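Student: Line by line, the protein sequences are chains A and B.
Here my numbering is used: the first residue of the first sequence is 1, the next is one more, and so on.
Here my numbering is used: the first residue of the second sequence is 1, the next is one more, and so on.
If you're looking for bench data, these hints aren't it; they were derived computationally from the structure.
Everything numeric in this text was worked out from a predicted model, so none of it was measured.
Any given hint might turn out to be false.
Heads up, simulated EDC-like pairs for lysine to aspartate or glutamate below, C-alpha to C-alpha not over 16 angstroms straight-line [stated by the list, open to error]: (1) A/LYS39 <-> B/GLU173; (2) B/LYS23 <-> B/GLU45; (3) A/LYS64 <-> B/GLU50; (4) A/LYS3 <-> A/GLU21; (5) B/LYS172 <-> A/ASP26; (6) A/LYS64 <-> B/GLU45; (7) A/LYS64 <-> B/GLU173; (8) A/LYS39 <-> A/ASP14; (9) B/LYS23 <-> B/ASP65; (10) A/LYS108 <-> B/GLU173; (11) B/LYS170 <-> A/GLU21; (12) A/LYS3 <-> A/GLU38.
Computed footprint of chain A on chain B; a stretch qualifies when at least three of its residues, placed anywhere within it, have a C-beta under 8 angstroms from a C-beta of chain A [claimed, not checked]: (13) 14-21; (14) 74-88; (15) 165-173.
Quick reminder that beta carbons are idealized off the backbone N, C-alpha and C, glycines included.
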Amino acid sequence: MNKKILDLLYRSFDDELTREEQQRLDKALSNSKELREEKIRIDQMRTVISDSCQESFHPFFAEKVMRQIREAERTQESFFDSLIYVFRPVAIAATILFIVLMSYNLVKSDNISLASAFAVPEITLEHALDPTLSLVME
Amino acid sequence: MTDEQLIQASKQGNEQAFKELIKRYESRVAASVIGMLGNCPAAAEDVGQETFIRFYKNLKNFRGDASVGTYLTRIAINLSLNELKRRKRKSIIFFRKLSDDDFDIHDENSETQFDDKKEVVQHAIQKLEPKFRSVVVLRLMDGYSTAETAEILKLPLGTVLSRLARAQKKLKEILSPYLGGLK
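Start from the sequences and build out the full structure, keeping to the hints where you can.
Tutor: So, in C-alpha cells, the structure goes:
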C-alpha cells in the first residue's frame, strides 16, 4: 500500500484535507480494495476506542474530594495556629525588651531624639561624607 | 447554574457550588485519567482527586480563558504524565532502566486473557508511550477536536496529527487480532 496515501487516509479522520488531497484519496479508495478495507478497519478501531472510554471513579468521589480539601485547609490553619502559639510569647518578650532598652537610653541621654533612643551616635552629613573630619576631631 | 456562577460561588467559599462542579466534570476527568493510567483504580482516583484539589487551590487565578472542562483536563493530563514519570523512575530505582520499548510489554498469554472490550482497548493503549497515549486519550476517547487536543497539550497541530497517526498505526497492530470480535 502506498505510504503517502495511507498517511493521507489517517489524516482524513482528524484533519480537513485540501480539495486536491481529498480527490487524490477518493481516487485511491475507488481503485484499491485494500485501502477501502484499511479505512473500514481504522474506522472500526476508532469506534471501539471511543466506546471503551471509562467515565467514572468510585462512588462518593465528590464527597471524598471535599473532605480532602477541608482536611488540607484545616492542616494549613493548624500550622499557622502553631506558628502563632510559638512566636507570640517571643514577640511579646522582644517588644517589652525593646521598650525597656529605648527608655533606658532616653533616660541616660541628655536630649530626646530617635537617635538617642536607639543609642546611635549622632553623625552629621559632613561627618558621613568626609571620614577624615571625624579622625581630626578625635 | 452556569459554570461561571458556580466558580464565583466557590471563590466565595460556597462548598456546595464546588461540589456541583466536581459532579459536573468527574466523568471528563475520569475518562482522561483512566485512559492515561489504565484501569488502576487507586492511582487513577488519587490523580482525579488531586486534579480537583489543584483546581480548587487555583480558583483565584482561574480567569476563564479556557473552559472549565479544558482547564481540568489539562491538569488531569499533566498529573497523569507526572504519575507515569514517577512510576518509570520507581522502576528504574528498583529494577532496571526502562527504554521506551518497555512500554510495549509482551505477554505470551495476553491474547487469551481478555473478555471485556474495554480491557482489551485499555491494555492496548497502555502499550503506547505516554506522549502518544495522551493524544489518543484526548482525541479518540474524550472526543476533543485536534485543535483542542493541541491546546490542552500545548503542542503544534502538526505534532498532534503526526502523533495520532503513529499511535493509531501501533494500536491497529495491537488490536487487529481482536477487532473482529470487538465489534
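Student: Does B/GLU173 lie within 16 angstroms of A/LYS108 when you go C-alpha to C-alpha?
Tutor: Not OK: A/LYS108 and B/GLU173 at ~92 angstroms, beyond 16 angstroms, violated.
Student: Is the coverage entry for the stretch 14-21 of chain B by chain A consistent with the three-residue Cβ rule at 8 angstroms?
Tutor: Held - the stretch 14-21 of chain B has 3 residues with a Cβ nearer than 8 angstroms to chain A, which meets the minimum of three.
Student: Cut-off 8 angstroms, C-beta pairs, minimum 3 residues; does the coverage of the stretch 165-173 of chain B by chain A stand?
Tutor: Our answer is that it holds, as 5 residues pass the Cβ test (under 8 angstroms) against chain A, meeting three.
Student: Under the criterion that the straight-line Cα-Cα distance not exceed 16 angstroms, is the pair A/LYS39, A/ASP14 satisfied?
Tutor: 13 angstroms, holds
Student: Check the hint pairing B/LYS172 with A/ASP26 against an upper bound of 16 angstroms on the C-alpha distance.
Tutor: Distance of about 22 angstroms is beyond 16 angstroms: violated.
Student: Quickly compare the C-alpha distance for B/LYS23 and B/ASP65 to 16 angstroms and report which way the hint goes.
Tutor: 22 angstroms, violated
Student: Quick one, are A/LYS39 and B/GLU173 close enough, alpha carbons at most 16 angstroms?
Tutor: Given pair A/LYS39, B/GLU173 holds - Cα atoms ~14 angstroms apart, limit 16 angstroms.
Student: Would the hint linking A/LYS3 and A/GLU21 be met if the CA-CA limit is 16 angstroms?
Tutor: Distance ~14 angstroms between A/LYS3 and A/GLU21 Cα, so the pair holds.
Student: Sort out whether B/GLU45 lies within 16 angstroms of A/LYS64, counting only the CA atoms.
Tutor: Holds: A/LYS64 and B/GLU45 sit about 10 angstroms apart, inside 16 angstroms.
Student: Hint check: A/LYS64 vs B/GLU50, CA-CA at most 16 angstroms. Holds or violated?
Tutor: 11 angstroms, holds
Student: Within a Cα-Cα threshold of 16 angstroms, do B/LYS170 and A/GLU21 meet the stated pairing?
Tutor: The given pair, whose Cα atoms are some 24 angstroms apart, is violated under the 16 angstroms limit.
Student: Per the coverage rule (Cβ-Cβ under 8 angstroms, at least three residues), is the stretch 74-88 of chain B covered by chain A?
Tutor: violated (count 0)
In the structure shown, a violation is registered for the earlier hints numbered 5, 7, 9, 10, 11 and 14, in ascending order.
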